[in-house]
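Chains as they are written, first to last, in our numbering: chain A, 1 to 835; chain B, 1001 to 1233.
No lab work stands behind these hints: they were computed from the structure.
Beta carbons: idealized from backbone N, C-alpha and C, even for Gly.
A few of these clues could be false.
[Claimed, not checked] EDC-like, lysine to aspartate or glutamate: derived pairs with alpha carbons at most 20 Å apart:
{"hint": "1", "chain 1": "A", "residue 1": "281", "chain 2": "B", "residue 2": "1172"}
{"hint": "2", "chain 1": "A", "residue 1": "377", "chain 2": "B", "residue 2": "1079"}
{"hint": "3", "chain 1": "A", "residue 1": "618", "chain 2": "A", "residue 2": "592"}
{"hint": "4", "chain 1": "A", "residue 1": "281", "chain 2": "B", "residue 2": "1145"}
{"hint": "5", "chain 1": "A", "residue 1": "91", "chain 2": "A", "residue 2": "78"}
[As the list claims (entries may be wrong)] These stretches of chain B come out as covered by chain A in the derived footprint (C-beta under 8 Å, 3 or more residues):
{"hint": "6", "stretch": "1076-1085"}
{"hint": "7", "stretch": "1095-1101"}
[To be verified] Some, not all, of what chain B presents toward chain A, calculated at C-beta under 8 Å:
{"hint": "8", "residue": "1059"}
{"hint": "9", "residue": "1107"}
{"hint": "10", "residue": "1110"}
{"hint": "11", "residue": "1111"}
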Amino acid sequence: MPGSPTGSPLLLRSSLRFLLRHRWHSSLTLIAVMLAVAMVVGVDLANSSARRAFALSLESISGTTSHQIIAGGGAIDERVYARLRSERGIKTSLPLVTGPVTIDGQTFTLLGVDPISEIALGRHSIGLASTGLDRALLSDNAAILSQRVAAQLGLQPGDTFTVTAAQQQYSLLLSGAFASDNSAATEGLLFVDIALAQRLLQRYGLLDRIDLSLSDAEAESLKNWLPPGLQIVQSEARNNNLRQMSEAFHINLTAMSLLALLVAALLIYNTVTLSVIQRRKTLGIFRALGLSRRELFSLVLKETALLAAVASLAGIVLGSLLGQALVHLVTRTVDDLYFNLHVSSFLFDATSLLKGFLLGLGLALVAAILPAWEASKSTPIATMQRSALERAHWRNLPRLGVVAVSSIALGCLLLLPQQGTLIEGFIALTFIVIGCCLLVPLLLVATTTVIMRLLKPLLSSIARIAVRDISAGISRTGMAVAALTVAVSVTVGVGVMVNSFRVTVNTWLEQYLSADIYVSSRERNGQGLSPALAAQLASLPGIASVSASRVTRVESQFGPLPLIALTATASDSRLPIKQILDGGWQRFVDGEGLMISEPLAYHRQLNPGDPLQLLTAKGEQTLPVLGIYYDYSSSVGMLALQRDRYRQLWGDDHISSLSLAANPAQDLAELLQRVKSQLPPGTAAISNGEIRAVAIAVFDRTFEITGILRILAVLVAFVGVLSALMALQLERSREFAIMRATGMTPGQLAAMIFSQTAIMGLMAGLFAIPLGLIMAQILIEVINERSFGWSILYQLPPGVLLEALSLALVAALLAAIYPAWRAATVTPALALREE
Amino acid sequence: MNDRAFVRLENLQRSYHEGEQSHPVLQGLSLNIGAGETVALLGRSGCGKSTLLNIISGIDTVDSGAVSIDNIDLIGLSEYRRTLFRRRHIGFIYQFFNLIPTLTAAENIALVLELNGFSSAQVQAKTQAILAAVGLGEQQRQFPDQLSGGQQQRVAIARALVHAPSLILADELTGNLDAETGAQIMTLLRELINETGATLLLVTHSLAVANTADRIVTLEDGLLQEREGHFAW
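Here chain A stands alone, though its shape is the one from the complex (with noise of 0.2 Å):
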């Protein structure tokens, strides 16, 4: 007696036969679903190295100790530090001095480290104690660097290289070079020891942070210990803060690469079901064989791991390639928008590529349940023809309808809560998104039935038959219109809210920017601008008046936060205010409060009159908020307090800019000339139309990742969308045969079926614009503002709607162009033998 009956290999066979017979169709279904696994898998990679890099970036320069001194002025004294070894008797304690400086135009952290204290603490976890330190630090300008970085500079140890710190120039020696084990946590690291680098960043018996290693108790302790101004925090919690700031956009990236997924998982669904209708006989005789309905369901399903299986792992190979590429645009966007990210190399993480191929494949399987189902219900011996089969689907319209509406209503509802997380916004906007898929097929139904009842006397009886075919053959043209839907209203609703968003920043420059000319020091977060250069500057013919101002980070209950500190007056415009309490601008302009950023508010959930805890140089002081104003500058809000009270609060005099209105009959050029001999080195001056371009460069820079997203997405749905409306017309050779023996010329058939897919590529571009700016509406109104807290003006470009049909339009004729050739070129007699 034979053994228990047992999947058959020969069934496999026959289904990778039928793959390879159909080679054009899976190859580009195979294509739409690698490049959409590459770019999950890319965006992680990218992602990820970014994440992985900061991490290692914040450990590099807080090391693995526990807890932080810092100072709500900026600068400890080094005094308390060497009372906090003899008084308190904490060994395990390290001074950190550390500052931008520049070598051949290229940002670095110098770190001013105490050698003798780091080897005995060990609190990087760079392997900088095996090279030496101690030796390699011992000499005046000795500076040391990863080997890495030293290679990219072309030094050697023994090397001099020229430093820039503080508008100064200096020489130092390269002591030596360690090889690290993350190169990316080094990559824009300076080490010198601590006396240099107070020199370099002039600042003299000042340390930027003492870091501890102690247990919470003995921190408890130290807390009333400390000097006013300086403050005790945990160095997780603090570095918590400074990573949650970033995660937003991190966030975006990878919802915007599922959504490829998404359209991949669509095609998935198309090609499954295409196959299985193809192969309703072979099915059938598998039944009659006496193949189970779940052995048939595992069947289908076993084919289409088969098929996911062969692209993710192609895709997480070219996803390896492309996160390599993105990582440097991830890296500038979060170093643009959040904080100094030196390092730009690729940390390849196995988890990304796991997660990618695991995604494709379960996506894949997911998409292939609802075919391999119908598969599983096939009758033996195809009784069931395929008029009957289209009949069953037309019967299920109806249920899809009900289930699409639900699907939208149930993303509504996730959309109601205010205060929702990002996650759930791209939750619901995943269900309204489903749900208008599924309501193609009927609203493509609906469409050609009105156009047969509207304009059937007008129509020729090839268009006729073209129009017809779209909904007598639903159950193949409803998800390749649906994919194609989703994929371009992709990018409707990405372009729609990128464009507003630049328009709202324009708008917001041209308010925020009031002044003639900018004066600034060139280097990000140095000491800035002398007060005695803004005199120097007011003094100039043309120039009706200055205003300083301060940009820095300060200490707040929140972690750190960006400051402006300016010198605001009555009449000023320069804060575009969005809400404010009474009389809330003349105590702003009297040092009475805050004025908070938008997204502060919206993430802090901070409401004028609330107070905001800050450490300033007297130690922690409450302001009241005063207002809120629009802001689009950072990403993670931002302060803004009357110069004075700052200064008074911060014993701060530096000026990281200022603002030169000019006179109104003074010519600009003319006056930037004169303003920038005036300027010392280091210095530079900007004029309005300048710092706008710049902005809003920096904007476009911002998006481009986002722009090269959409772009792979659109090339998702085309390969897909090519092979959906490829197959679907290459499934019909033996009708062009028919068509064609009874005396339909060949350029008449390609007519029908040029005319078929430009009707339903048509059909795809318009219901895609209203799906693309609800899309739009949701990610302006929703994920825009529950990532970044911006308010953002809806913009509606009329060159994107046209994008958006064309885009349908030649996606949908170029997939028309082998199938009318081959059509039209093939012998019927032939087709007909074929089949």
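Here the structure of chain A is known, so what remains is to put chain B in place on it, guided by the hints.
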């Protein structure tokens, strides 16, 4: 009733519904077929012959009545059990061959053996043996569309018999072939069935084919009528 009947059909009722209308196909049909017997079923197009075969093979179900094969009540089995029963005990031959287009001649035959859980060696040996028996040893690597109609039907016969089922159902197996090839196919089928001792129910339009059977029954108005001796339509 004959308790020794291998196939027992009792009072079968089957109607097809189209909207409000009902079209009765089988109206209280009964039939017993003994083990190893060959019965030919004649009837006009659309009289329900194929429906009857589908019911016996468990592909279709009845509105009422009983179907048992080798004393196993087919109607009482679940759809899954019926499938397994069909896989093991029934061989089906069709007018339009119904071979899997993506499998070669040998693979089409081997598939049934694999489904029934035979070992690879058994699959190989049995496939080769039956291919030789149907005279297709040379064509075993060819796909169905590379074979003539007669060759395709030989593969279909080999596929139906290779796992030694106890019941063979043949639906117009010569209907798509010329007279000479049809006669060859019938001879081949009879020879193979004589070797295995399987029961054969043959649906046909051809009197020549029907007259090779042990018994002839006709299906008319949903009922069967037994015909004695050779039959003329």
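Hint check results:
1. 281(A) x 1172(B): With Cα atoms ~18 Å apart, residue 281(A) and residue 1172(B) stay inside 20 Å; holds.
2. 377(A) x 1079(B): holds (11 Å)
3. 618(A) x 592(A): holds (16 Å)
4. 281(A) x 1145(B): holds (15 Å)
5. 91(A) x 78(A): holds (15 Å)
6. 1076-1085: Check passed, 4 qualifying residues.
7. 1095-1101: Holds, because 4 residues of the stretch 1095-1101 of chain B bring their Cβ atoms closer than 8 Å to Cβ atoms of chain A.
8. 1059: holds (4 Å)
9. 1107: holds (5 Å)
10. 1110: Check passed: Cβ of residue 1110(B) comes within 6 Å of chain A, closer than 8 Å.
11. 1111: holds (5 Å)
When each numbered hint is compared with the structure, no violation occurs for any of them.
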